[in-house]
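Those protein sequences? They're chains A and B, same order as listed. The C-terminal position of the first sequence is numbered 111 in my numbering, with every residue numbered one higher than the one before it. The C-terminal position of the second sequence is numbered 115 in my numbering, with every residue numbered one higher than the one before it.
No wet-lab data here; the hints were simulated from the structure. Hints may be right or wrong, so weigh each one.
[What the hints assert, rightly or not] Now the in silico label distances, taken between C-beta atoms and shown as ranges:
| no. | chain 1 | residue 1 | chain 2 | residue 2 | range |
| --- | --- | --- | --- | --- | --- |
| 1 | B | Ser69 | A | Ser27 | 37 to 45 Å |
| 2 | B | Ser18 | A | Lys78 | 47 to 55 Å |
| 3 | A | Gly79 | B | Gln17 | 47 to 55 Å |
| 4 | A | Gly54 | B | Gly100 | 17 to 25 Å |
| 5 | B | Ser67 | A | Asp17 | 43 to 51 Å |
| 6 | B | Gly3 | A | Gly79 | 43 to 51 Å |
| 7 | B | Pro39 | A | Arg61 | 26 to 34 Å |
| 8 | A | Thr22 | B | Lys9 | 28 to 36 Å |
| 9 | A | Glu83 | B | Gly3 | 19 to 27 Å |
| 10 | B | Arg77 | A | Asn3 | 25 to 33 Å |
| 11 | B | Thr86 | A | Ile1 | 37 to 45 Å |
| 12 | A | Ser18 | B | Ile15 | 45 to 53 Å |
| 13 | A | Val13 | B | Arg111 | 27 to 35 Å |
[Said to hold, decoys possible] Simulated pairs of lysine to any residue, SDA-like, Cα-Cα distance not exceeding 20 Å:
| no. | chain 1 | residue 1 | chain 2 | residue 2 |
| --- | --- | --- | --- | --- |
| 14 | A | Lys103 | B | Arg111 |
| 15 | B | Lys44 | A | Thr40 |
| 16 | A | Lys103 | B | Phe105 |
| 17 | A | Lys59 | A | Gln81 |
Please read all numbers here as calculations on a predicted model, not as lab measurements. Backbone N, C-alpha and C fix where the C-beta goes; we use that ideal spot for every residue, glycine too.
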Amino acid sequence: ILNVEQSPQSLHVQEGDSTNFTCSFPSSNFYALHWYRWETAKSPEALFVMTLNGDEKKKGRISATLNTKEGYSYLYIKGSQPEDSATYLCAGSNSGYALNFGKGTSLLVTP
Amino acid sequence: NAGVTQTPKFRILKIGQSMTLQCAQDMNHNYMYWYRQDPGMGLKLIYYSVGAGITDKGEVPNGYNVSRSTTEDFPLRLELAAPSQTSVYFCASSGLGLAGGGELFFGEGSRLTVL
Numbered sequence: 001i002l003n004v005e006q007s008p009q010s011l012h013v014q015e016g017d018s019t020n021f022t023c024s025f026p027s028s029n030f031y032a033l034h035w036y037r038w039e040t041a042k043s044p045e046a047l048f049v050m051t052l053n054g055d056e057k058k059k060g061r062i063s064a065t066l067n068t069k070e071g072y073s074y075l076y077i078k079g080s081q082p083e084d085s086a087t088y089l090c091a092g093s094n095s096g097y098a099l100n101f102g103k104g105t106s107l108l109v110t111p
Numbered sequence: 001n002a003g004v005t006q007t008p009k010f011r012i013l014k015i016g017q018s019m020t021l022q023c024a025q026d027m028n029h030n031y032m033y034w035y036r037q038d039p040g041m042g043l044k045l046i047y048y049s050v051g052a053g054i055t056d057k058g059e060v061p062n063g064y065n066v067s068r069s070t071t072e073d074f075p076l077r078l079e080l081a082a083p084s085q086t087s088v089y090f091c092a093s094s095g096l097g098l099a100g101g102g103e104l105f106f107g108e109g110s111r112l113t114v115l
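Put together the whole structure using the sequences plus the hints.
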């Protein structure tokens, strides 16, 4: 079981602010690192899947980086909007089969 | 586009009752998963399957059983319901193994209460 830690637990920012979250995990036997966005009353939806050290992915105003040697990933949101309010989940795999999730970072963006 | 379908969406059980949570996907995915979500906790993996006829335990398998007789279906069985099994259950599927960059597609969840 891969122990995935996320910080901060929650975050409240103003519209237009940029923000970032951290996901940390043991760097041994690493296979993949996922980021999911989970809106209230919906199901988690994949944002990024990264497998290689140094991977950088971008989708609109959201981007993510991966450092497998030191065991961390960052998720960045540029110019936060109220519709970005959600819980952001990080998940990792050290088996290639099972994905273990962190507790998530809850983001609230107010106008 | 159905994706991953879970039934029922809500269920109340009495202690000791049994039930099956159904999960079906129409994307021809080999990999399927069952997670539970408890307040303040991350999604915990109960069981997973890498293909029809192959299942394996996840982090919290006690009190549950699964089967995978077809590619499409991955039911989760609770034999003797206990209050500790009150949770929201999510089924997910993936077309690629995690090492191959496969993302998970989630169902809408099933909220189970055991009284």
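Evaluated hints:
1. B:Ser69 <-> A:Ser27: 37 to 45 Å: Holds, at about 38 Å.
2. B:Ser18 <-> A:Lys78: 47 to 55 Å: holds (50 Å)
3. A:Gly79 <-> B:Gln17: 47 to 55 Å: holds (50 Å)
4. A:Gly54 <-> B:Gly100: 17 to 25 Å: Taking Cβ atoms as reference, Gly54 (chain A) and Gly100 (chain B) lie about 19 Å apart, which means the hint holds.
5. B:Ser67 <-> A:Asp17: 43 to 51 Å: The hint (43 to 51 Å, Cβ to Cβ) holds, given that Ser67 (chain B) and Asp17 (chain A) are roughly 48 Å apart.
6. B:Gly3 <-> A:Gly79: 43 to 51 Å: violated (31 Å)
7. B:Pro39 <-> A:Arg61: 26 to 34 Å: Holds - the Cβ-Cβ distance for Pro39 (chain B) and Arg61 (chain A), about 30 Å, lies within 26 to 34 Å.
8. A:Thr22 <-> B:Lys9: 28 to 36 Å: The hinted range 28 to 36 Å holds for Thr22 (chain A) and Lys9 (chain B), with Cβ atoms some 34 Å apart.
9. A:Glu83 <-> B:Gly3: 19 to 27 Å: holds (22 Å)
10. B:Arg77 <-> A:Asn3: 25 to 33 Å: Holds - the Cβ-Cβ distance for Arg77 (chain B) and Asn3 (chain A), about 28 Å, lies within 25 to 33 Å.
11. B:Thr86 <-> A:Ile1: 37 to 45 Å: violated (23 Å)
12. A:Ser18 <-> B:Ile15: 45 to 53 Å: Hint holds: Cβ distance 49 Å, inside 45 to 53 Å.
13. A:Val13 <-> B:Arg111: 27 to 35 Å: holds (30 Å)
14. A:Lys103 <-> B:Arg111: Within the cut-off at roughly 19 Å; holds.
15. B:Lys44 <-> A:Thr40: Holds. Lys44 (chain B) to Thr40 (chain A) sits at ~18 Å (cutoff 20 Å).
16. A:Lys103 <-> B:Phe105: Holds, at roughly 19 Å.
17. A:Lys59 <-> A:Gln81: Holds, at about 15 Å.
Violated hints, listed in ascending order, are 6, 11; each of the other numbered hints is respected by the structure.
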